[in-house]
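As they're listed, the protein sequences go chains A and B. Taking the numbering used here, the leading residue of the first sequence gets 1, the next gets one more, and so forth. Taking the numbering used here, the leading residue of the second sequence gets 117, the next gets one more, and so forth.
It is worth saying that the hints were derived from the structure and are not from the lab. All residues carry an ideal CB built from backbone N, CA and C; glycine is no exception. There could be a bad hint or two in this list.
Simulated restraints on C-beta separations [claimed, not checked]:
no., chain 1, residue 1, chain 2, residue 2, range
1, A, Lys14, B, Lys173, 42 to 50 Å
2, A, Glu22, B, Ala161, 27 to 35 Å
3, A, Ser5, B, Gly199, 19 to 27 Å
4, A, Lys20, B, Lys173, 34 to 42 Å
5, B, Gln118, A, Trp10, 25 to 33 Å
6, A, Arg112, B, Gln224, 20 to 28 Å
7, A, Ser89, B, Gln125, 20 to 28 Å
8, A, Asp100, B, Asn143, 24 to 32 Å
9, A, Leu68, B, Ala161, 23 to 31 Å
10, A, Glu52, B, Gln130, 45 to 53 Å
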Amino acid sequence: GAVVSQHPSWVICKSGTSVKIECRSLDFQATTMFWYRQFPKQSLMLMATSNEGSKATYEQGVEKDKFLINHASLTLSTLTVTSAHPEDSSFYICSARDFDREDTQYFGPGTRLTVL
Amino acid sequence: QQQVKQSPQSLIVQKGGISIINCAYENTAFDYFPWYQQFPGKGPALLIAIRPDVSEKKEGRFTISFNKSAKQFSLHIMDSQPGDSATYFCAATYNTDKLIFGTGTRLQVFP
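Make the full structure from the sequences, and use the hints.
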């Protein structure tokens, strides 16, 4: 149980295009999902907290117009990187909080984004 | 005050040995302390977690020791195996808020 999936697992895009990453909780409902960014050999950096049916809360320094987050259902949150540039290349990971399991956050497998 | 300090940055252990990773925090409001294991190119996986009302929790070869007065907690991996080679992150949170992660420890277990 407590499985979180992400799609796609990796994506390569041209500079200036937009990319959408999906995060799904497969066997539980998640009213809260989180989006992280991770650079090589570094820790996870929280980008935003996504609550179902409401606007996401972004961490300081994260551009909300560049990283659009939508949490339309209890099992799906999406992150759209708009007008991507090479500096947006990174490993993006989502997590979902399972209230039935002591509020534990379960992480997705991550999405490797490369912007050319 | 929101930081979680983790050490060591890297750790090399021989197969069968004990791996110990330490974390320290400042915010006494933290009430949940999970450990995550991450393999290269994968998302973190929950390993074991503890709440401050317990001083120790053991699951298989993995044990968390928690010292509330010192505001420290540690992960012990007994009988370390090459398959345990990964990066380990401690974390802390309070009131079901966002996780505050440590900086990570890269563990290498040699046969």
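ask   = Against the structure shown, which of the earlier numbered hints fail to hold, in ascending order?
value = Those not satisfied come down to hint 2.
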